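Residue numbers (our numbering): -13 to 67.
Just so you know, the hints here were simulated from the structure itself, not pulled from any lab data.
Any given hint might turn out to be false.
To be verified - List of simulated lysine-lysine pairs, DSBU-like, C-alpha gap at most 35 Å:
| hint | residue 1 | residue 2 |
| --- | --- | --- |
| 1 | Lys22 | Lys4 |
| 2 | Lys(-7) | Lys4 |
| 3 | Lys22 | Lys67 |
| 4 | Lys(-7) | Lys28 |
| 5 | Lys39 | Lys4 |
| 6 | Lys(-7) | Lys22 |
| 7 | Lys39 | Lys28 |
| 8 | Lys35 | Lys22 |
| 9 | Lys28 | Lys67 |
| 10 | Lys22 | Lys32 |
| 11 | Lys(-7) | Lys39 |
| 12 | Lys39 | Lys22 |
Claimed, not checked - If you anchor each label on the Cβ, the simulated ranges turn out as follows:
| hint | residue 1 | residue 2 | range |
| --- | --- | --- | --- |
| 13 | Ile53 | Ile6 | 37 to 47 Å |
| 14 | Pro55 | Arg1 | 12 to 22 Å |
| 15 | Ile54 | Phe12 | 56 to 66 Å |
Because the structure is a prediction, the values reported are computed rather than measured.
Quick reminder that beta carbons are idealized off the backbone N, C-alpha and C, glycines included.
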Amino acid sequence: MEVSIVKIGNSRGIRFSKTIIERYNFRDTVDLILDKGQIIIKPLSKPRKGWDKAFMEMHANGDDNLIIPDIFEDENPEEWK
-13 MEVSIVKIGN SRGIRFSKTI IERYNFRDTV DLILDKGQII IKPLSKPRKG WDKAFMEMHA
47 NGDDNLIIPD IFEDENPEEW K
């Protein structure tokens, strides 16, 4: 697809049509990858989105207890000082 480079203030950029923005799920920011003479523009994924709320819910439910202890029986914490 051929697109024009347009002037934006003192810079230049490209515009995406509404169709492309919706099709590729572009939001306020994108991931720009420079690779071997080409530029790849990908939607920015946020794999940890919502984790803060999930952790607060886990804490409220008491589900954030350790499964294994921080220190094993044969460890000596004094060795780490």
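Worksheet item: Regarding the pair Lys(-7) and Lys4, is the alpha-carbon distance no greater than 35 Å?
Response: holds, 19 Å
Worksheet item: Are Lys39 and Lys4 close enough, with their CA atoms no more than 35 Å apart?
Response: At roughly 32 Å apart (the allowed maximum being 35 Å), Lys4 and Lys39 satisfy the hint.
Worksheet item: Holds or violated: Lys39 with Lys28, Cα cutoff 35 Å?
Response: holds, 26 Å
Worksheet entry | Pair hint Lys22 and Lys67, alpha-carbon separation not exceeding 35 Å | This hinted pair is violated, its Cα atoms lying about 48 Å apart.
Discussion item. Just to be careful, I want the Cα atoms of Lys22 and Lys32 compared with a cutoff of 35 Å; is the pair within it?
Written reply: holds, 26 Å
Fill in: CB-CB spacing for Phe12 and Ile54 relative to the 56 to 66 Å hint
With a Cβ separation near 42 Å, Ile54 and Phe12 fall outside 56 to 66 Å, so the hint is violated.
Worksheet item: Honestly, do Ile53 and Ile6 meet the 37 to 47 Å range at C-beta?
Response: Given a distance of about 45 Å, which is inside 37 to 47 Å, the answer is holds.
Worksheet item: Going straight from one Cα to the other, do Lys(-7) and Lys22 come out at no more than 35 Å?
Response: Holds, at about 26 Å.
Item to complete: Sort out whether Lys4 lies within 35 Å of Lys22, counting only the CA atoms.
Response: With Cα atoms ~28 Å apart, Lys22 and Lys4 stay inside 35 Å; holds.
Worksheet entry | Satisfaction of hint between Lys22 and Lys35, Cα-Cα up to 35 Å | Within the cut-off at roughly 31 Å; holds.
Practice prompt. Hint says 12 to 22 Å; check whether the CB-CB distance for Pro55 and Arg1 agrees.
Written response: The hint (12 to 22 Å, Cβ to Cβ) is violated, given that Pro55 and Arg1 are roughly 56 Å apart.
Worksheet item: If you draw a straight line from the CA of Lys(-7) to the CA of Lys28, is it 35 Å or shorter?
Response: This hinted pair holds, its Cα atoms lying about 22 Å apart.
Hint check: violations occur at hints 3, 9, 11, 12, 14, 15; the rest are consistent with the structure.
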